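Sequence lines, in order, name chains A and B.
Using numbering that gives the first Met the number 0, the first residue of the first sequence is number 0, and each one after it goes up by one.
Using numbering that gives the first Met the number 0, the first residue of the second sequence is number 0, and each one after it goes up by one.
Worth double-checking, as some hints may not be accurate.
Stated by the list, open to error - From chain B, some residues computed to sit far from chain A (all C-beta separations above 10 Å):
| hint | residue |
| --- | --- |
| 1 | Phe48 |
| 2 | Ala53 |
| 3 | Gly104 |
What the hints assert, rightly or not - Partial list, derived from the structure: chain A residues whose beta carbon lies under 7 Å from chain B:
| hint | residue |
| --- | --- |
| 4 | Pro16 |
| 5 | Leu19 |
| 6 | Ala222 |
| 7 | Val410 |
| 8 | Val412 |
Since the hints were derived computationally from the structure, they do not count as laboratory data.
All of these numbers come straight from a predicted model, not from anything done at the bench.
Built from N, CA and C at the ideal position, the CB exists for glycine as well.
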Amino acid sequence: MDILSNLALGFSIALTPQVLAYAFIGCLFGTLVGMLPGVGPLTGISLLLPVTYGLNPTIAIVMLAGVYYGAMYGGSTTSILMRIPGEAASVMTCIDGYAMTQKGRAGPALAIAAIGSFVAGTVSVVGLMLLAPPIAAVALKFGPPEYAALLTLGLLVLAYLSSGSTLKMLLMALVGLLVGLVGIDQMSGFARFTWNVAELADGVGVVPVAVGLFGISEIMLSARSSGALKVQKPRLADLVPSREEMRASAAPILRGTLIGFLIGVVPGSAHIISSFVSYALEKKISRHPERFGHGAVEGVAGPESANNSATSGAFIPLLALGIPSGAVPAVMLAALMIHGISPGPQLIQSRPDIFWGFIASMYVGNVVLLILNLPMVGLFVNLLRIPYAYLYPFILALCLLGVYSTNQSTVDVWIAIGFGVLGYFLRKLDFDTAPLVLGVILAPMLELAIRQSLAMSGGDWSIFAKRPIAGTMLALVAALVIYNLFSRGWRTRVGLEEK
Amino acid sequence: MPRLLAVLLVLAALGLLVHAGSPARLVDTNLADFPITTLIVLLLAAATFALERAGYRATMFAFLLLFLVAVERRPAWLSAILSGGFALGSFYLINDVLRVPLPAGTWMRWIS
């Protein structure tokens, strides 16, 4: 009953014309950035961040969330029509989606992707709605030691579960934590690593780091990639899937939804991992695995549902615990903090308008995306006809504008350029830069939690082991590290397989 | 905390050195995009330097025009229209509609 009345409150906020309009703008912008190769949801959200400063926090998070799941929808369009994943989570959709296009079934592939995304998005919001409040209620019992242990565990799990070398991930997270320590020491008030630059007293901002690492470095890597692309434009009449295709897609959509939601809750590149897991599962349990890679509709339905479901799952640790599970939720956390809102267990009680308005807006956003994506797909693909030589200077200009307008500071722009160059070289050397951004965001929280814990215990580090919840989580951290050190998987994940 | 992080970083770096054997070296990676990267960094740096001196509109117009005409060899008239449209349009949206102040530039202030 409580949930229903809260949801009613949420819909009363989400269905106001102003919130609806911003949800629509977010979804539209997200769809476009999802379609454009080289501009992922993270860049899209970072670019739109300054636009939200003049808005109230509910509208801000509704619009940014619209960009996130809009990008998930948009990424599938280019994957299916051109075999170009607009963003990383759509890589698996390329395989069978493009094969369907070559067989003349582009329309049904797009429709199944949109229907799967809609079902997954809607069902996973129900999961978010039901799970976030009880998790937050448990988290209210957490003290600083538990938070410190939880943050450490989250960072380690992210490094462990992400694709690529675990050690490189850890290294990036540590560099991020170090960058996050720049600024005034929260306990003593002394400036650390500020090099007498007054603007650094508040620390290195998340926006310049994220825009540099994801926006500017991406443009550096892709500026010479391609000109205009040949695009197939499906007609509205061609979008209807056959009864056979609908029947074959139903179970993969449900399985993809469940997989995506569960993986989304765990820190890491959830939407990417979930689409890989879903594709592998569908192929494994299929009676005709040989059809995969040659236009199997299950290969589109499963991964597309999984990556959309993962986006909702990723909001559970953010909203219930105040801990982002990946780079995109991390930037959204920064957006809320700019508005003076601290996500976490108390948010649901202290600001139900934000929490439930956001939940309700996700239902609305999914409907908006379905309406946007099916009839207007022919219109959207026209964007891909614009030569990249025209697009990338404007994306760079948006990066510059976005970073400057955050604090009206050119120091932030210099930081973004510096991180752009760093990101360019790191990516050339196969380092994933997402843990770095996460480290920058978590560093102040982690440091504060550790130092508050030590203040509670009079400097005794055993406080982390003596408290049952913190001790259990730290035991998990130790088990993960020891397992990695002594397992064969460590050496392969370190990067030996690359050779 | 910084000292603890420094120790962990050194340990992780040593781990990478020991486990990776002969890691990928920067000189071995494909740097075909290095010239355009350098150009992007130089133009971004010039724009950042000019932003609060020349103002947002003039800087953005010059930044985009240089990119489109000098780097990408696009027609000057079309580039000028697109650059001007973006510079003025984005200034109006961010500065006037959303009320996030952007630098107007000394000469613009002088004109108005």
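Discussion item. According to the definition I'm using, a residue is off the interface if its beta carbon is farther than 10 Å from all beta carbons of the partner; does phenylalanine 48 of chain B meet that for chain A?
Written reply: Contrary to the label, phenylalanine 48 of chain B does not stay out of reach of chain A, its closest Cβ about 8 Å off (not over 10 Å).
Discussion item. Just want to verify: glycine 104 of chain B was marked as not at the interface with chain A; is every Cβ pair farther apart than 10 Å?
Written reply: Correct as stated: the minimum Cβ-Cβ distance to chain A is 14 Å, above 10 Å.
Worksheet item: Would the hint on proline 16 of chain A stand, with a C-beta cut-off of 7 Å toward chain B?
Response: violated, 17 Å
Fill in: Minimum Cβ-Cβ distance from alanine 53 of chain B to chain A exceeds 10 Å
At about 12 Å from chain A, alanine 53 of chain B clears the 10 Å cut-off, so the statement holds.
Item to complete: Please verify that hint: valine 410 of chain A, Cβ, nearest Cβ of chain B, below 7 Å or not.
Response: violated, 9 Å
Worksheet entry | Interface hint status, leucine 19 of chain A versus chain B (Cβ within 7 Å) | violated, 19 Å
Worksheet entry | Interface hint status, alanine 222 of chain A versus chain B (Cβ within 7 Å) | holds, 5 Å
Fill in: Restraint check, 7 Å cut-off on beta carbons, for valine 412 of chain A near chain B
Holds - the Cβ of valine 412 of chain A comes within 7 Å of chain B, reaching about 5 Å at its closest.
Going through the hint list in order, the structure does not satisfy hints 1, 4, 5 and 7.
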